[in-house]
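Please dock the two separately framed chains into a single complex, following the hints provided.
Chains as they are written, first to last, in our numbering: chain U, 1 to 116; chain D, 1 to 111.
Keep in mind that the hints are not guaranteed to be accurate.
[Unchecked claim] In silico DSS-like links for lysine-lysine, alpha-carbon gap of 27 Å or less:
hint	chain 1	residue 1	chain 2	residue 2
1	D	K57	U	K67
2	U	K9	D	K98
3	D	K57	U	K71
4	D	K70	U	K22
5	D	K56	U	K19
6	U	K19	U	K36
7	D	K70	U	K36
8	D	K98	U	K44
9	U	K19	U	K41
10	U	K40	D	K98
11	U	K36	U	K71
12	D	K70	D	K57
13	U	K67	U	K19
14	U	K9	U	K22
15	U	K52	D	K59
16	D	K98	U	K41
17	U	K67	U	K22
18	D	K59	U	K36
19	D	K70	U	K41
20	U	K9	U	K40
21	U	K40	D	K70
[As the list claims (entries may be wrong)] Among chain D residues calculated to face chain U with C-beta under 8 Å, some are:
hint	residue
22	G42
23	P43
24	L45
25	T48
26	L58
27	L61
28	Q80
29	T84
30	L88
31	T96
32	K98
33	F101
[Claimed, not checked] A short list of chain D residues far from chain U (calculated; beta carbon distances all over 10 Å):
hint	residue
34	I13
35	N18
36	S26
37	K70
Keep in mind the hints are simulated off the structure, nothing from the lab.
We put the CB at the ideal spot given by N, CA and C, even for glycine.
In case you want the letters, here they are:
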Amino acid sequence: DTAVSQTPKYLVTQMGNDKSIKCEQNLGHDTMYWYKQDSKKFLKIMFSYNNKELIINETVPNRFSPKSPDKAHLNLHINSLELGDSAVYFCASSQVRSGGGNYEQYFGPGTRLTVT
Amino acid sequence: TQLLEQSPQFLSIQEGENLTVYCNSSSVFSSLQWYRQEPGEGPVLLVTVVTGGEVKKLKRLTFQFGDARKDSSLHITAAQPGDTGLYLCAGARGATNKLIFGTGTLLAVQP
Chain U
1 DTAVSQTPKY LVTQMGNDKS IKCEQNLGHD TMYWYKQDSK KFLKIMFSYN NKELIINETV
61 PNRFSPKSPD KAHLNLHINS LELGDSAVYF CASSQVRSGG GNYEQYFGPG TRLTVT
Chain D
1 TQLLEQSPQF LSIQEGENLT VYCNSSSVFS SLQWYRQEPG EGPVLLVTVV TGGEVKKLKR
61 LTFQFGDARK DSSLHITAAQ PGDTGLYLCA GARGATNKLI FGTGTLLAVQ P
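The shape of chain D in the complex, shown without the other chains (with noise of 0.2 Å):
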């Protein structure tokens, strides 16, 4: 089974904190998602990664993609309540570009 861990699994911080979250794999990806759920709804796209190495920002947000196309991770900058929610990397393989969605991080911003 190809497993995406992440880590942590969860996590609770103070508005104006920093954090980084981390999706890992052994298995070699075309490409990686990411993804923010909020409670009763379906994931949202944040950002789609290609290139081992390769940094994309959107805003606060900093996604990063593992040189070997293995891993990537997701920081946040002077977090937000509005931050909050499941993040859920995945990772797109074979020739259907199946997506492999990883454990999910559960980030919690307090005011």
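So here's chain U without its partners, still in its complex pose (with noise of 0.2 Å):
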């Protein structure tokens, strides 16, 4: 079974085109991201939701709204794509510890957008 999965797995569009990427986690975790890798392998957090609730929103422009639809889905969905948002976009889950902090994060197999 596949603990975090990402549609598609491939994504290739024009430029100004609207597109969504769609996340599920089977592993009952209250906390899902999105990460963005670009062409240097640099990884960067975008968005971090807790139970539904959006908890990191980091510089990030709002042509990207991420939705929550609940504890197992956070999709992301991108406006007018740009010729920059081209890179490989992550989801990953984890669980918060009773006492604070986080345990491991499990993420998703990757989105590669391409932008032309």
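Here is the structure:
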């Protein structure tokens, strides 16, 4: 069984289009994340949700809008795609410890977005 | 910007050699994690270190957290081709324990 799954695996689209990436985790975790990995393999957090509530919102253009319909899902919608949005986007999940802090993060396989 | 610098950036070695990867920052972290990422996949956690000076071993991999909790190292003994991948350190900070990822070390072990 896949712990953290993302769809699609590859996404090729033109500038100006709107697209969504879906993420689901079956680990029972209460926190989910979106990361962006650029061409230099640098991984940077974009958003984090805990129990469907947004807790981390980095300096990300407002063209990016995350949505968490429930604890097991965190989707990412991107409006008016730009060339610079081309990257690999990773979803991840973790469980908050009872005393604070997180356990390890489990990552999905990534979605390679190419904007032409 | 809290930056975790890893060195070296790239490393190509022969099977059986030893190597050390460093992860340095000017910031203090509550914990530090090491991940390995293979092509086309997401990062996979190798270890979490929490206490300053802590040393953890995972088979041929030895991880150390600096005394001041600002840096860490990963030492691999007798590297094997299966160790090939991108190694990422990640430090946790703040109330949300946000992970700040390092700049990455791409390791290639030649048979």
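Structure-based check of each hint:
Our distance criterion of 27 Å between C-alpha atoms is broken by K57(D) and K67(U), whose separation comes to about 39 Å. For the given pair, K9(U) sits about 25 Å from K98(D) by alpha-carbon distance, which is consistent with the 27 Å threshold. Restraint check for K57(D) and K71(U): the C-alpha separation of about 34 Å exceeds 27 Å, so the hint is violated. Of the pairs offered as hints, the one joining K70(D) and K22(U) is violated, with about 35 Å between alpha carbons and a cut-off of 27 Å exceeded.
Proximity of K56(D) to K19(U) is assessed by CA-CA distance (about 43 Å); at most 27 Å being required, the pair is judged violated. Of the pairs offered as hints, the one joining K19(U) and K36(U) holds, with about 15 Å between alpha carbons and a cut-off of 27 Å not exceeded. At most 27 Å may separate the alpha-carbon atoms for a hinted pair to count; K70(D) and K36(U) meet this at roughly 24 Å. Pair hint K98(D) plus K44(U) holds up; C-alpha atoms about 10 Å apart against a cutoff of 27 Å.
For the given pair, K19(U) sits about 23 Å from K41(U) by alpha-carbon distance, which is consistent with the 27 Å threshold. Of the supplied pair hints, the one linking K40(U) and K98(D) holds, its CA atoms being roughly 21 Å apart against a limit of 27 Å. Taken as a hint, the K36(U) and K71(U) pair is honoured in the structure, with Cα atoms around 21 Å apart against an allowance of 27 Å. Taken as a hint, the K70(D) and K57(D) pair is honoured in the structure, with Cα atoms around 19 Å apart against an allowance of 27 Å.
With a C-alpha separation of about 13 Å, the suggested pair K67(U) and K19(U) falls inside the 27 Å cut-off, and the hint holds. Of the pairs offered as hints, the one joining K9(U) and K22(U) holds, with about 10 Å between alpha carbons and a cut-off of 27 Å not exceeded. Between the alpha carbons of K52(U) and K59(D) the distance comes to roughly 38 Å, so the proposed pair goes past 27 Å and is violated. With a CA separation close to 19 Å, the supplied pair K98(D) and K41(U) stays within the 27 Å bound.
Between the alpha carbons of K67(U) and K22(U) the distance comes to roughly 10 Å, so the proposed pair stays at or under 27 Å and holds. The hinted pair formed by K59(D) and K36(U) fails the criterion: a straight-line CA distance of about 31 Å is larger than 27 Å. At most 27 Å may separate the alpha-carbon atoms for a hinted pair to count; K70(D) and K41(U) meet this at roughly 22 Å. Restraint check for K9(U) and K40(U): satisfied, since their Cα atoms lie roughly 19 Å apart, inside the 27 Å limit.
About 23 Å separates the Cα atoms of K40(U) and K70(D), which keeps this hinted pair within 27 Å; it holds. Given the 8 Å rule on beta carbons, the hint for G42(D) holds: about 3 Å separates it from the nearest Cβ of chain U. Contact between P43(D) and chain U, as hinted, is supported at the beta carbon level, the nearest pair being about 5 Å apart and thus within 8 Å. Interface restraint check for L45(D): the shortest CB-CB distance to chain U comes to about 4 Å, inside 8 Å, so the restraint holds.
Of the supplied interface hints, the one on T48(D) holds, with its beta-carbon coming within about 6 Å of a beta-carbon of chain U, less than 8 Å. Because the beta carbon of L58(D) sits about 13 Å from the nearest beta carbon in chain U, more than 8 Å, this interface hint is broken. A cut of 8 Å between beta carbons decides the hint on L61(D): the least distance to chain U is about 16 Å, and the hint is violated. Checking Q80(D) against chain U: minimum C-beta separation of about 22 Å lies over 8 Å; hint violated.
Among the interface hints, the one on T84(D) is violated; its C-beta lies about 14 Å from the nearest C-beta in chain U, farther than the 8 Å criterion. A hinted interface residue such as L88(D) counts as satisfied when its beta carbon comes closer than 8 Å to some beta carbon of chain U; here the least separation is about 6 Å, so the hint holds. Proximity of T96(D) to chain U holds as hinted, the smallest CB-CB distance being about 5 Å (cut-off 8 Å). This hint holds: K98(D) has a C-beta 6 Å from the nearest C-beta of chain U, less than the 8 Å allowed.
At its closest, the beta carbon of F101(D) sits 4 Å from a beta carbon of chain U; the interface hint therefore holds under the 8 Å criterion. For I13(D), the non-interface assignment is confirmed: its Cβ lies about 19 Å from the closest Cβ of chain U, beyond the 10 Å cut-off. Separation of N18(D) from chain U is adequate, the least Cβ-Cβ distance of about 24 Å exceeding the 10 Å criterion. Non-interface status of S26(D) relative to chain U is upheld: no Cβ of that chain comes within 10 Å, the nearest being about 18 Å off.
Every CB of chain U lies more than 10 Å from the CB of K70(D), the least distance being 18 Å, so the non-interface label holds.
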